[in-house]
Structure formats: structure tokens, C-alpha cells
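> Read off the chains here:
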Amino acid sequence: MMSIYEILSILFCLIGGFFFLAGTLGLIRFPDTYCRLHALTKADNLGLGFIVIGLIFVSGSVPEVIKLSLIWFLALVGSSSACYFIGNHIHLLSKVRENRNGPDI
Amino acid sequence: MNLNFWLPVLMLSSSFFTGLIIFFLKETSTRLRTALNLTGAVFKVVAVHYMAYRLLVLDHIHQVSFSMGLGFDFVLRVDFLSLMFLALSSNLWLVTTLYAVGYLEGSPNRSRFFGFFSLCVTACTGIAMAGNLISFFIFYEFLTLVTYPLVVHRETKVALEAGRTYLWYTILGGVLLFLGVVWLQVIAGPLEFVDTGALEALGPDQHNILRVIFLILIMGLGVKAALVPLHGWLPVAMVAPAPVSALLHAVAVVKAGAFGIVRVIFDVFGRDFAGFLGLLGPLAVAASITIIFGSLRALSQSDLKKRLAYSTVSQVSYITLGAAVIASFSTVGAIVHLVHQGIMKITLFFCAGNFAETLGLHNVRDLRGVGRRMPITAITFTVAAFGMIGVPPLAGFVSKWYLGLGSLDGGSGWIIGILVASSLLNAAYFLPVINALWFETPAKEWKTLRPSRFETPWMLLVPPIFTAGTALLAGLFAEWTWSPLGLARQIAFGMGVYP
Amino acid sequence: MTTLLIYAFTSIILFSIGLFGLVSHPNLIRKIVSLNIMGGGAFLFLISLAYHGRSPDIDPVPQAMVLTGIVVTISATAFALCLTRRIREKTGQCLLEHCPDKPET
Amino acid sequence: MGLIFDLIIGLSLAGVAWRIVRVREHFQAIVLFITFGLLLSLAWTRLKSPDIAIAEAAVGAGLAGVLLMDALGTLSSTRNQPLPGRFLQLFIPCLFLAGLMAYTILFIPADFQGLGPMVSEALPDTHLEYPVTAVLLDFRGYDTWLELGVLLVAVLGVLCVRQAGTIKGSMLPAPAEPVGRWIIKLLLPLMVLIGGYLLWLGAFAPGGAFQAGVVLASGGVMLWQAGHPSLALLHHVWWKILMISGFVFFLILASSSLLYNQQFMTHPEAKMWILGVEYAATLSIAICLISLVLASPARNQGDQRARKTES
Amino acid sequence: MPELLILVPFTGALLCFLFPGHIRDVIGLLCAVLTFVASIILTGNIYQNGPIRLNLGGWKEPLGIGMCVDGLSVLFIFLTGIVGLLVSLYSVSFFSKANNQSLAKHFWPLWLFLWGSLNSIFFVSDIFNAYVVMELISISAAALAALSGTNASLIAALRYFLLAMAGSMAFLLGVGFLYAQTGTLDMYLLGAVTDGGPLMAMALGLMTVGLIMKTALFPFHFWLPPAHGEAPAPVSAVLSALVIKGSFYLLLRIWCTVFQDTTASPQTATLLGLLGLTGVIWGSYQAIIQNRLKLIIAYSSVGQVGYLFLLFPLVFITLDPAWKIEAWTACVFQTISHGLAKAALFLAAGNLIHATGTENLKSMRNIADRLPMTTFTLALAGVSLMGLPPSGGFVAKWMLLQSILASGQWWLAAAPILGGLLTAAYIFRILSQAFVSDDQISCCGHVSFVMEKSALLLAIFSILIGFRSKEVIFLLSEQVYFVIQGGIIP
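Protein chains in written order, with the working numbering: chain P, 1 to 105; chain C, 1001 to 1499; chain E, 2001 to 2105; chain V, 3001 to 3311; chain D, 4001 to 4490.
The hints are simulated quantities; they were obtained by calculation from the structure and are not laboratory data. The reader is advised that the hints may include incorrect statements.
What the hints assert, rightly or not - No more than 25 Å apart at the CA atoms, straight line, and that leaves these computed lysine-lysine pairs for DSS-like: (1) D:4060 x V:3271; (2) C:1306 x C:1447; (3) V:3185 x P:42; (4) D:4362 x E:2090; (5) D:4105 x V:3240; (6) V:3240 x P:67; (7) C:1306 x C:1444; (8) V:3048 x P:67; (9) C:1026 x D:4362; (10) C:1157 x D:4362; (11) D:4453 x D:4097; (12) C:1306 x C:1157; (13) D:4453 x D:4105; (14) P:42 x P:67.
Excised from the complex, chain P in its bound form (with noise of 0.2 Å):
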């Protein structure tokens, strides 16, 4: 039978993928920008986070621990400037519109 590793690696790993669902679901529900990176970017990190975990527990070696836990850190780091950025760009946009001729985006 599977060892209990493999259980609870794939519990992890669904709840992850749960956690994405609800990420993309998010994306195409809400109505403006900001909420939608906020969607993004919580829920995909901790879906991200989850599968990692139970990668982990089926992971052969230490390294392969440590390249796991450094991609999710990567991943963090990359979303969340990403996110910054596009929401800074998009403030600026919307507050050239505004002085322009005032409808926000």
C-alpha cells in the first residue's frame, strides 16, 4: 500500500491545486485590476507553497529539498515585484486619466 509519505504528499498536493483553482477563479471574476493581481498573487504563492511541501515529502535527497524550497522562494520574490510593478504602473495610468478626464479604468 502507499506509504503514508504518499498520502500525505498528494493531500498537499490537492490542496494546492485548490488553492490555484481558487487563484484563477478569482482572476476572472473580479472586476478591477487590483483585485485581480491580489487573487493572483496570495493564491497562486500558497497553492505554489503547498505542492512544494508535498513534493517534499516524496523528495529523494536533501538538495532536492533545498532546490524545491528555493524555487517557491524564487516564486515568491518574482510575483510579488512583478505584482508591484504592474500595480504601480497601473496607479500612475489611472492618476494621468484622472487630471486628464477622470473616468478610472
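Chain P is already provided as a structure; the job is to place chains C, E, V and D on it using the hints.
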């Protein structure tokens, strides 16, 4: 002695390299240019006579061939027919060079003119000495290329227009000839002018293809020989300066076409095989149509040079006509007319050039009473005109006489009618000019454009006298073995056609 | 056998879509994108062949070819994009039809 | 099980490609193109060729995306683009071509062997363990050399079109926000580390000159985006020498074999030479790719970027 | 040593990239001379002792990349050597002129890279390697085409580049198909595979279409006139004379070694012949109605390329071997004499435009006496293009017509006949412009000695090549690797 071996190449290169050198001469060095020109011409005449001596006396045929590696080789071969044409072109080139130097005194781009002029004579010599159809084609195309700048020498709009039409016709002719030559080579393999029987051996199934090839070859050559539908360029190209129209349209270009037709009929196909294929009949008809058409158009021309141009169109077709009749006399007549027509026509062009250059007279009507002002030119004009009409003591009569004899025993009587009609027409367009020259009073005072001790500068006067004299001598001493007629008989004998 | 079919068919479809995109779009940037898709299709076909070879590990020669191909494609795309930008600056539009030498926009 | 996964990848690739071609907005097309690049690298991993996956992800999705976005920046309006016309006349021939090719694929011989086994048995005498790097550097070294040449010529071409001697002119202003600087401090050393690791890995595992060069190049592009002054320090002669170093090293190595009258391009026995070539190639690929990204924008890119932000 | 022909231009390119100023011209010229000498030595070497087969990196065929140098490739190398040397000579003084000063630093590296890649395309015997080299040629040629920086040249260069890229992608897919069928990449091993299944036919189609795009055969010729017309004179000379020949050579090489007896080759061969025929007529017709001098010459390239493709129906459809060597020599002669004559025409046109200051043919006044040498070059190159005797073009047309008539496909004969006429039309249109006299002599820019003489030398070579047909036939019959159906040696 290897000089003899290289003689043909020497002949070619004498005028080729003088031409190239003249190209690079500065415009002002006229003396050097004239000297170069004349030495080249004299050398060529001497070489021709030396070769004639070796050929006629020692019976030594010069042959040089380089292999071009294309399955055929480039042959230069001097036999009787080519010797005849060589003699004609080299002598007349010497005379015309003298005339051209006088005529173009002080006009621009003369280096370019004389460069192309000597290249053109190289082409003629090459055509004469070509040993097989392919080398003939190579020089034929070279002639087209080299004569274009001469036709457009004046650089006026009209000259360019004339050049364009000239080009269209000759390039078209060149392409047709190219097709015919290649097709012949594909069917019969490389073919020398010597082995005439080769096409006959091909067997009956090839006959239709041979007929088509013959038609294509004749159309290709007909452009230059000014057969009727293809003669359009000749009167238009009269816009060129007089020496050009003299040498080119009396001797070089037109004769090259006629010479080509004679070569194709006698040396490529063989006259009897061509007759057997039934090709000579239509050719004779075409030639006679051209004769009549040319003379009729000449009647209506008021410009002297245009009139002479149309008369050339009709006179050259005598040669084709003679070649197309299966009779020994008409062959001799055709070959001898090759030379006579050249001499007489060149005199007429020289005189026309003199009238235009010294007194600025172009139109036939304002030639009235010119005989008093320029007696010698008028006399030479009259001699040559009578020769063209066929008055007995002159050369024209000899060739027309032989053509008539040939058509009689060749069984096609109607050609006699053509000859008589054309002689009448010749008289119809030459006599009024002679009458105007001598018997009418001048309408207005002429202003002399080119003052000189004699009636015109001596360089313009000597050539017509020389050529008119040769025409007279060729007629009087026709029976002499070295005369054009004697040579023509030898050629016909060589071809096994004469008795 | 079937993995080869799937990937080979996808590569053919990618190639044709790329060709269609290249031919149908007047805008230059879209043309360059379609060219990259065509390239991707061709590489996919090569690698699907490599994977299909049932030796223990996959056939390295197509891999080497595709690696070289990728670098060649990126350099060609970069050159084409530079040309497009230059045309955009000089003629003010990203199209291939010619207009007279307008001053720099 | 694997089939379903392949089907998903195949269909998604085709779908994304079709969307890229059919979407009206250029911006959307390019974003979709980046996802297409990532999907493609997913396909490569599925087809068990990891180094191509790395190269595709970094180049196909990364650098190509940066270049396209940069080029898109110059377009004034990407809003309402007309749908390309003449849909049918162009679509039918492409469809016909696809059908024809699909039909021929069915005839691919089942017992297809390829050059795999031949490479594996000739591998030992190339002193390299990983077959792909062996093929790249030794068996088909000429291809790699020419491909470095292609990269170099592309840079020369870009300089020629830009009529610029060097890439000095297109430095960007430092971004105002602290995040830009922070991200550089954090990611750049990591990138250099990963590039070195990939390069070292190349001898016996998937990795090698191209992947390392590409990772370093993306590091350089990030430096440029962040307007870091260090790129301007490089003297332009040094920049030229570095750029042609890979190509020249390969050339010297190849022609040296001519001196010992062996066949052209035979590598000397010592393994050190091949690795030397690989390191030089990585360096020159990185520099070339950076120059490609840097040299393409116009000279006054700096103020254009500034104008856009405040406009 | 064939490798020198690749190493020398590449090293020269790198040095030119590094060093600024006049050193660049010196290096460029030095490399041009060295490469020319190497190509002459190689030609002599192949002529004496037959084709050479190289295995790069010491690896045997299927694994490593091979290089093969035989009679056919050495003739193309010879052409590239001559044109390359004289164009380099021309461009030394062309780029020293005031307005072109800044272009020199981009011209030399790209040109030498192009030359090196052209030389390596003629040695190729591995199809993927051919793809990479074709890509190298396309990028350097497109960059050179965009050298002059005007709107039109940029757009033309990009159109050419996109087309070349699409062609390369199709070629690459063709390589994929071939690899799928046979599992090897080397041409001569591919040739050995006999069962030409649908895969091979598909690969044949894709590769031929890919290469036709680059050789500007009729349906894909629209990029050539603007690209070659807008580029500076030495660049357009190189593009027209050499670059299209590179992809044509590859097409020839692939057809003869790999696709000799695949199922689809006779039909495709006839299609290629038909396209070639329409190309000849369409290109020459277009050349007649153009007004700008360089566009006339560019359209004439489209026309002349059509002649090259007449080879396919003559050789790949069953024809008794006696005439096959004729068709081969015709095609090679057409390539060489067209390459030389076209380069001479473009260089002379460059001189004319530089001297008279205008591009428009109608406004060029009496060139004959102000630039006699350039007019002479135009005339000589025109003669060779028209195929009038003694020139190389004549030999090409002669042999072409012979093999057409012998092979019985008489409808092909329209190409040399009609094409010759149309070519004569536009050549004399240019030449007649030389004789138009004009009294107010417009200021005539000084055309340097080197520029005129290199154009003249090229034209003279294209005439002289006509006399050396024996060696070419020998090179094509004995010293060639591949054997066409029924053997190539008559």
C-alpha cells in the same frame, strides 16, 4: 612557313587592333589616327592580294581552326568565294576611310567613329573568312553590335530612332539565325562549309525539318539582305553620315546578308539539294518581289540618299535571285553582281555625300545644274548610274547579262521579264537625276560649305573617281582571268556548278 | 507510437498556424510572432522524432539541432525587431508598404 | 495516463497559437506568445529534453518576450486593430498544407532508430558524459561555431541598422521605486550563480553553454531594465572583444587542428580545451544577447521611457 | 585547402569589426586577395586530382558533419572569388567617398561574413548545416541590404528577411521530414536511400519551396527588385551576383544527391521549368518598363535567374545522357556569366549614378564621352547578358538551346529566344541613353580609377569565360560526385 598559317588571323587582327587603339586615342590626335587607319587598310589590301596570289596560283587554301570546346570549332577558311568578298571589302574600306577622313573633318567623337569603323570591317572580313555556319553567326552578331554606334553617330533624336529600328530588325534576325544554326547543329552535328553533301545524307524523314530550318536561316539572313518584309531598317538608317551609309549599306551589312544567303544555298545545303527540297522557287519569287518593290519605292523618293537606299534594296535581291535559279550562268551572275553592285553603289553614295557636304544639297530636285559646279562628281555619278541601269560597257551590264542567260537555260523565263522591268525602273529613277545634273539650269546660287582648290576637298573627290574607274574597268576587261567575272567563274567552277 | 503522432500533429498545426499568421497579418510585429510560432512547430517535430526513437535515452542529435535552431531564431527575431523599430521610427507605421522618406517621428 | 497529458499539452499549444494569430490586440498577442513559450518548454520537458526546456523558457518566453514588449512600446495605439482581411483565401491553402503534412506523418517508419545509439557508443572517446553537449561541441562542432557566428552577425546587423558603433547610447534612468533596486540586489547574484552552475553541469548533465549564456543574458537585461550604471562601465573595445571571444576561441581551436594536419575542427585530446571553448561560448552568448536587447531601442530610449511614464 | 576559404573571411570580418579607420580597408582588401588566391588554388587542385571529402572533427559520416568539394562547387567558388575580390576593390574607394564614410565600419565585417558563409554553403554536405549557413547568409545579406538606411531600403530588407526566414523554416521542416524517413543528415547517405516514400516527396516540396523563396524564382521574386535596387552599388552587386546563387547551388546539390529518383521529382522539375520560363519573360518585361537604372538591372536579375531553373526539366526528366552534360554546362555557364555580368552592370550603374547624380535613366545625359570606360563596361556586360557571341552568355544560351531541342521539350525554347530578345531591349535602352547628346553638360562627379576599372574587369571576365568551356565541361563531367539518372558522363 607559319606566316601563311596565321595569315587569316593576321588579316582579322590588323583592323581589330587598330580599331581598339583608335578608341583610346585623344580626339585631337587626328594625324596619328588617320595614319593608323590608312596603314591598317593598306596592310589589309596587300595581304588580300598576297593571299589571292597564293590561292589562285599555288592553289593553297588557308585554314585556321580553334576548338571552342562547345562541340564545334571556330574555323577561318579562305576559299574563292570568301576571297572575292575579302577583296571587295578591303579595297572599298581603304577608299571609304580616305573619304571618311575628309568627310568628318572637324566633327566631334571621331575616335569613337573610326574605332567602330575598323571593328566593323573586322566583322566583314570575319564573315568572309568564316569556315562554318557557327563562326559566320558569331561575326554576324558582332557586325550588328559594331554598326549600331555608327548609325547613331550623329546622336540626334532621329539618329537614335533610326538606331532603335535598326537594332530591332538586326537583333530579331540574329535570334532567328541563332535558332536555325543551333537546330541545324543538333540535327546534323558540326558542319563545315566544305562538305555540302552532309544534309542530303540525313535521309528523307528530316526533309521537313530541313525546310523549316532553311526558312528560318533565310529569314535571319534576309533581315540584313533587306528582303521585302524585313527591309524596313535600310531607308531609315540612311540618317547616318555618308561614309557609314556608303560602306555599310552598300558593302558591309547588306552584302553580309546576301553573302550569307549564297553560303547557305551553295555550301550548307548545296544548290541541287535545295532545289530538290523545292526551296529555291519561293526564294526566287521573294527576291523578284523585292526587286520590283525596291525600284517602285525608289521612284517616289525625293531625298537622294533615300532613293539610293531603296535601289540598294532592289539591287541586292539580284544576288538572291541569281543564287535561287538552278543554272550555272545565273550563279556566276549572282556572285559577280556581289562585287559589281558594291562598287557602283559606293560611288553613288560618295557622290551623294559630296553633294550634301559641299553644297548642302539633299533633295533630288535642287540638284539642278550641279554638273556645272561639280563636274567630276557629276561624271562619276553618271557612270555609276549607267552601270546600275545596265548600260553595256559597265560592270552592271555584265552581271545582268549573265543573270539573263542563266534564267534562260534555267527554264524560268519570267525572270527575264523581272530583269528587264527592273532595268527600266532603274532608268526611271536614275535618268531624271542625271538630266537634272547636266541639262537643267540651276534654280538658285549655291553657297559652298567646304571651300577647296578643286570643286570639293580632294579627299572627297578621289574615292568616287577610283570606284567609278574600277566599275568601268570591271565591265571592259571582264574576260580577264583576274577580273571579278573571272574570279566568279573560278568560284562557280570550284563549286562544280560551272560547265 | 501515439505520443509521436500527437506531438507531430501539433507541430504540423503550429507550423501551419504560424504560416497563416505570417501571411495574413499586415503588422510586422505580428508577422515576427507568427514566424516564431512556425519555428516552434518545426522544433517540436524534430524533438517528437527524437523522443520516438526507443533507444534508452532520447536521440541527442535532434536536441542539438533544436538548441542551435532556438539560438538562431532568437537572433533572427532580434534583428527583425530592430528593423521593425527603425521602420516604425522613420515611417511612423509598422507596415511593409512603402511611403516617402518622412522626417524622424 | 501519459497520453491524456500529451493531449492536453498538444491541444493547449494549438489553441494558444490559434489565439495568438486571431486576437485583434497586439498586446494580448504578445502576452499569449509568452505563455506559448512556457507551454512549449513544458512540452520539451515532457519529451525528456530538459536543456531545450531551459533554453526555450529563457529565450523563447523570456528574451523574445522582452524584445517584443520593447518593440510594442514604440507602437502608439494597440487598441482597435483591424482584423486581418482575406481570411478564407489564406486559410484554405494553409489548411491544405497541414492536411498534406499530416497525411505524410503517418508514413514515419515505426522502427525509427535515429542517430542515438551511434552517439552513445562514440561518446567515450569525446571525454564528455552528456550526449547532447558532446554532439553540440564535438560531433557537430561546426554547427555550433556557425551558430555563434549567426549570433554575432545578428548583433552586427542590429548595429548596422541602428548606424551605431556601440550599445553605449541606450542606458535607462534608474527607476524611482526602491523595489527595482531591491530586486536587483537579491536576484542578480542568484542568476550569476545559477548560470555558473548550469555551465559546470553541462559536461555530464543537461545544461551547458547555451543555457548558462541565456541565464546570464537575462541577468544583464534585468540590470539594464533597472538602469544600473554598471553596464555603462564596460569600455566599448572590451565589449567588442568579449562579444567575439566565443567565436574566436572556437576558430583558433579549430584551425589549430589544421596545424597538426588533422581534419578541420578536431578537438585536442585534453578535455580542458573543450570546456574552455564552452566557457568562452557562454560569455559571448551572454554578451551578444544583451547587446541584441540593448542595441535595438533608439538612442534616446532613456527620455522616451521617461516621457511615457509621465504622459 | 578548403577550410582556408572559410577561415580567412571570418577572421577578416572579426578584425574589421575590431579595428577602426583605414586599417579596416587594408584588412578587408588583404582578406579579399587571400580568399581569391585560395579559391584559385582550390580550383586548380580539384581540376588536377578530383573531388575532396572532409569529415569535420574527425568523425565519420552519419555522426559528424562532412564537407565535400567537387567540380560543381569549385565553379561557384571561382565565381565568388572573382566577384568578391573586385567588389572589395570597388568598395574600398566607394566607401572612402564623403557621404559613405560612416557606412564602411558596418559594411566590411558584414560583407566578409557573407563571403565566408557563401564559401561554406558551396562545401556543404550536411542538410542541417546547410540550414544554419543559409540563415547566416540571410541575416548578413539583409543587414547589408539595409545599409543605406533610406525608408525604401529598410522596408525592402525586412521584406527580404521575413521571406528568407519563412523559407528557412520550411527548409528546416523539410530536414525534419528527411530525418524522419532516413535517420541520417548527410546528403550522400540520404542519396543512397532509394524507397522515395511520401515523406521524401513532402521533404522535396518543402525544401524546394524554401529555397525558391531565397533564389527569387518567379512567384517569390517580388522582394528582389526593391532590395537590390535600393542597396548601395557594391552591396547590390554582391546580392544579385552571389547571394541568390548560394541558395540555387543548395537546391541543385539537394536535387542531385538526395532527390534524384523520388516519386515527385519529374512533375516538380517540369513545374520549376515552367516557373523559370515565366520568370524569364516576366522579369525581362518588367525590366523594360522601369525608369530607374538600378531597378532595371534588378528586374533583369529576376529574368536571368529564370534561365537557371530551365536545368531541372532538362536533367531530371529522362533524357539520353549525351545531352545532359550540355544542359549542365549551360546552367553553370549561365550562373557564372550572369554573376560576372550582373556585378559589372551594378558597379557601372553605381559609377553612373555617382557621376550624373540622378537615378532616373531618362535624365542621364551623354555618358559616352564623359565616362567612356563605364559605357564600355555597360556594353560588354550587356553583350554577355544578351548572349551575343564570344561571351559566356552566348555559350550558355547555345548549350541551353541545344539541349532543349535535343530533349524534345520545345516549349522551353521560348526562354532563350524570347528572353534574349527582351534582354536586348532593355540593355539597348540603357546603351542608347549613353549616346544621347546634351549641350548643357551637367557637373560630372569624379569617378575614381579603381571603381571604373573593377567594373570593367568584371565585364571582361564575363566575356572571356566564354572561351574556357573545355575546362568547365571537364570539371562538370569527371570531377563531380553525383550521378544523374543514366549517368552524367556521356
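> Give a verdict on every hint.
Status of the hints after comparison with the structure:
{"no.": "1", "hint": "D:4060 x V:3271", "result": "21 Å, holds"}
{"no.": "2", "hint": "C:1306 x C:1447", "result": "23 Å, holds"}
{"no.": "3", "hint": "V:3185 x P:42", "result": "24 Å, holds"}
{"no.": "4", "hint": "D:4362 x E:2090", "result": "30 Å, violated"}
{"no.": "5", "hint": "D:4105 x V:3240", "result": "13 Å, holds"}
{"no.": "6", "hint": "V:3240 x P:67", "result": "36 Å, violated"}
{"no.": "7", "hint": "C:1306 x C:1444", "result": "23 Å, holds"}
{"no.": "8", "hint": "V:3048 x P:67", "result": "20 Å, holds"}
{"no.": "9", "hint": "C:1026 x D:4362", "result": "28 Å, violated"}
{"no.": "10", "hint": "C:1157 x D:4362", "result": "13 Å, holds"}
{"no.": "11", "hint": "D:4453 x D:4097", "result": "17 Å, holds"}
{"no.": "12", "hint": "C:1306 x C:1157", "result": "18 Å, holds"}
{"no.": "13", "hint": "D:4453 x D:4105", "result": "24 Å, holds"}
{"no.": "14", "hint": "P:42 x P:67", "result": "22 Å, holds"}
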